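Novice: Here is how the chains run, residue by residue.
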Amino acid sequence: MSFWELIASMLGQGLVITLLTTVLAAVLALVLGFVAGLMRLSKNKFIRFLVAIYVEVFRGTSLLVQLFWIYFVLPMFGITMTAMTAAVLAIGLNFGAYTSEVVRSGIQSVDKGQIEATIALNFTRVQRMRRIIIPQAFIIMLPNLGNQLIELFKSTSLVALITLTDLTYQANVLNATTLQTTQIFTALLVIYFVIAWPMTKGMKLLERKMTEGRM
Amino acid sequence: MSEPIVKYNNVTKYFDDLMVLDGIDFEIQPGEKVALVGPSGSGKTTFARLLMTLEEITDGTIEVAGDYLWHEKDENGDLKPASTDHLRKVRSNIGMVFQHFHLFPHMTVLENIIEAPVTVKGVDKKEAIKDGKEMLDKVGLLDKADNYPAQLSGGQKQRVAIARALVMKPKVLIFDEPTSALDPELIGEVLDVIKDIAEEGETSMLLITHEMDFAREVADRIAFFDAGKIVEDGPPSEILYHPKSPRLKEFLERFMSTQASPE
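These protein sequence lines are chains A and B, in that order.
The letter at position 59 of the first sequence is residue 59 when you use our numbering, and the numbering goes up by one with no holes.
The letter at position 27 of the second sequence is residue 1027 when you use our numbering, and the numbering goes up by one with no holes.
Hints may be right or wrong, so weigh each one.
Stated by the list, open to error - Straight-line C-alpha distance at most 30 Å; calculated DSS-like pairs for lysine-lysine:
{"no.": "1", "chain 1": "B", "residue 1": "1089", "chain 2": "B", "residue 2": "1169"}
{"no.": "2", "chain 1": "B", "residue 1": "1080", "chain 2": "A", "residue 2": "43"}
{"no.": "3", "chain 1": "A", "residue 1": "43", "chain 2": "B", "residue 2": "1121"}
{"no.": "4", "chain 1": "A", "residue 1": "112", "chain 2": "B", "residue 2": "1144"}
{"no.": "5", "chain 1": "B", "residue 1": "1244", "chain 2": "B", "residue 2": "1195"}
{"no.": "6", "chain 1": "B", "residue 1": "1195", "chain 2": "B", "residue 2": "1229"}
{"no.": "7", "chain 1": "B", "residue 1": "1244", "chain 2": "A", "residue 2": "112"}
{"no.": "8", "chain 1": "B", "residue 1": "1126", "chain 2": "A", "residue 2": "209"}
{"no.": "9", "chain 1": "B", "residue 1": "1171", "chain 2": "B", "residue 2": "1133"}
{"no.": "10", "chain 1": "B", "residue 1": "1133", "chain 2": "B", "residue 2": "1089"}
{"no.": "11", "chain 1": "B", "residue 1": "1229", "chain 2": "A", "residue 2": "45"}
{"no.": "12", "chain 1": "A", "residue 1": "209", "chain 2": "A", "residue 2": "154"}
{"no.": "13", "chain 1": "B", "residue 1": "1130", "chain 2": "A", "residue 2": "209"}
{"no.": "14", "chain 1": "B", "residue 1": "1089", "chain 2": "A", "residue 2": "112"}
{"no.": "15", "chain 1": "A", "residue 1": "112", "chain 2": "B", "residue 2": "1007"}
{"no.": "16", "chain 1": "B", "residue 1": "1229", "chain 2": "A", "residue 2": "112"}
{"no.": "17", "chain 1": "A", "residue 1": "112", "chain 2": "B", "residue 2": "1080"}
{"no.": "18", "chain 1": "A", "residue 1": "112", "chain 2": "B", "residue 2": "1133"}
{"no.": "19", "chain 1": "B", "residue 1": "1007", "chain 2": "A", "residue 2": "45"}
{"no.": "20", "chain 1": "B", "residue 1": "1169", "chain 2": "A", "residue 2": "209"}
{"no.": "21", "chain 1": "A", "residue 1": "112", "chain 2": "B", "residue 2": "1169"}
{"no.": "22", "chain 1": "A", "residue 1": "43", "chain 2": "B", "residue 2": "1144"}
{"no.": "23", "chain 1": "B", "residue 1": "1133", "chain 2": "A", "residue 2": "209"}
{"no.": "24", "chain 1": "A", "residue 1": "45", "chain 2": "B", "residue 2": "1244"}
Please keep in mind that the hints were generated in silico from the structure rather than gathered at the bench.
A quick note: this is a predicted structure, and the numbers were derived from the prediction, not measured.
Please model the entire structure based on the sequences and the hints provided.
Specialist: Okay, structure coming up:
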């Protein structure tokens, strides 16, 4: 294997881990964000309070510290997990907190007349949310959700610090062994950009497709 | 006389400390068309919104088709606030057309119309599509079935909204200033559709309107609201041409002077 083949192969392996972490954490964040966002709109004060604690704790501390905590501190309380699980959990919980705010404000910005129309047509609350409010709120949320997805993707580089062998971790190893610092970190930069940029474009396209002729 | 379809008993409504409706008694007979007129802020819209359950009642009761809307009887026969299920059951008799249409922007015209029958009533989708298309034909918009609301004119949107309310077969249909948000040249097509429905006769109607000619043509009765009370209530010929109270006279005079044609 030549020098450059070695670099490509190691970065390739790292990239797979990075993408896997991104996808899993994004799914977790989206689910958590919707659940927490809807709970934040509950009539029940206690439910709202619980969610507020979750959101404030995860927004108020840094993702890196959360990663350390879940991977290095939880084992002291008997909760051990792989670096991958810890990474997905920490990133998912962190971005879930932000996403819940996007979901909440998206739902609240749907025209109040839509609620009145569903009352006049005798919808239940659940039917109203599922059929009328969330589909419209989702379109409003889309640009923010897209931004968050890209932020999330880039933030996965932190998982290298809890020993997960992602793209950044592999680049670090290569740098330490080959000392080709400029080439390796430039390659790293380019790879992140080449993934993130089409993501931005893709979200724009999705947004346009979903609003075509409708709004 | 048959049982009224809607009966207000001493209905009072406050918004915080502000009294909007002051102990109103009112009845609507099955099939009757009643126009509500009066200056803005007189309580006519709130009066109708209480019936649609868009505002909560402060005091008094409303009966719809013999059932309490905001209340139900407990085991001792005393009235208690209605459960959600009870409220929905009684509310199913009422429909409403809004000033600003409130169509579902993410659905096509036909989807807007079949949504409530399918989701709320559990009507078979094929059946709902058939009924929906019939209703669209009735309001003259069958060719717009696959368009989105954003692609329609205001008058067309309001006709879709009327069709959407009608497919739920309400016993009472409320129109809350249905033409106030429309450009003048689009008002006629909407009024024509409402007149057609009125002529069919079965549905009781509550029309909040500033179109006096239209009220005269369509309504069996006109109720004049002022300061949270119904000041006068009677057939259009009485209300419009022989007003008794000074407030109604004043209201009509102001109206005629702004509405009079220049010729």
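Novice: Hint by hint, say whether it matches the structure.
Specialist: Going through the hints against the structure:
A distance of roughly 14 Å separates the Cα atoms of residue 1089 of chain B and residue 1169 of chain B; the hinted pair therefore holds under the 30 Å criterion. Distance restraint check for residue 1080 of chain B and residue 43 of chain A: the Cα-Cα separation of roughly 21 Å lies within the 30 Å cut-off, and the hinted pair is therefore satisfied. For the proposed pair residue 43 of chain A and residue 1121 of chain B, the alpha carbon gap of about 26 Å is at most 30 Å, so the pair holds. Note on residue 112 of chain A and residue 1144 of chain B: the hinted pairing holds, with a Cα-Cα distance of about 26 Å set against a maximum of 30 Å.
Between the alpha carbons of residue 1244 of chain B and residue 1195 of chain B the distance comes to roughly 28 Å, so the proposed pair stays at or under 30 Å and holds. Distance check on the hinted pair: residue 1195 of chain B and residue 1229 of chain B sit about 27 Å apart at the alpha-carbon level, within 30 Å; holds. Taking the CA atoms of residue 1244 of chain B and residue 112 of chain A, the gap is about 40 Å. The hint is violated against a cut of 30 Å. Between residue 1126 of chain B and residue 209 of chain A the alpha-carbon distance is near 28 Å, which keeps this suggested pair within the 30 Å criterion.
About 21 Å separates the Cα atoms of residue 1171 of chain B and residue 1133 of chain B, which keeps this hinted pair within 30 Å; it holds. Pair hint residue 1133 of chain B plus residue 1089 of chain B holds up; C-alpha atoms about 26 Å apart against a cutoff of 30 Å. For the hint linking residue 1229 of chain B to residue 45 of chain A, the alpha-carbon distance of about 38 Å lies beyond 30 Å, and the restraint is violated. Between the alpha carbons of residue 209 of chain A and residue 154 of chain A the distance comes to roughly 26 Å, so the proposed pair stays at or under 30 Å and holds.
Between the alpha carbons of residue 1130 of chain B and residue 209 of chain A the distance comes to roughly 29 Å, so the proposed pair stays at or under 30 Å and holds. The straight-line distance between the Cα atoms of residue 1089 of chain B and residue 112 of chain A is roughly 23 Å, inside the 30 Å bound, and the hint therefore holds. Restraint check for residue 112 of chain A and residue 1007 of chain B: satisfied, since their Cα atoms lie roughly 28 Å apart, inside the 30 Å limit. A distance of roughly 28 Å separates the Cα atoms of residue 1229 of chain B and residue 112 of chain A; the hinted pair therefore holds under the 30 Å criterion.
This hinted pair checks out: residue 112 of chain A and residue 1080 of chain B have alpha carbons roughly 29 Å apart, not beyond 30 Å. For the suggested pair residue 112 of chain A and residue 1133 of chain B, the alpha carbons sit about 28 Å apart, so the restraint of at most 30 Å is met. Note on residue 1007 of chain B and residue 45 of chain A: the hinted pairing is violated, with a Cα-Cα distance of about 36 Å set against a maximum of 30 Å. Restraint check for residue 1169 of chain B and residue 209 of chain A: the C-alpha separation of about 35 Å exceeds 30 Å, so the hint is violated.
A distance of roughly 24 Å separates the Cα atoms of residue 112 of chain A and residue 1169 of chain B; the hinted pair therefore holds under the 30 Å criterion. Between residue 43 of chain A and residue 1144 of chain B, the direct Cα distance comes to roughly 39 Å. Violation of the 30 Å bound is thereby established for this hinted pair. Proposed proximity of residue 1133 of chain B and residue 209 of chain A is supported: the alpha carbons are some 27 Å apart, at most 30 Å. Of the pairs offered as hints, the one joining residue 45 of chain A and residue 1244 of chain B is violated, with about 53 Å between alpha carbons and a cut-off of 30 Å exceeded.
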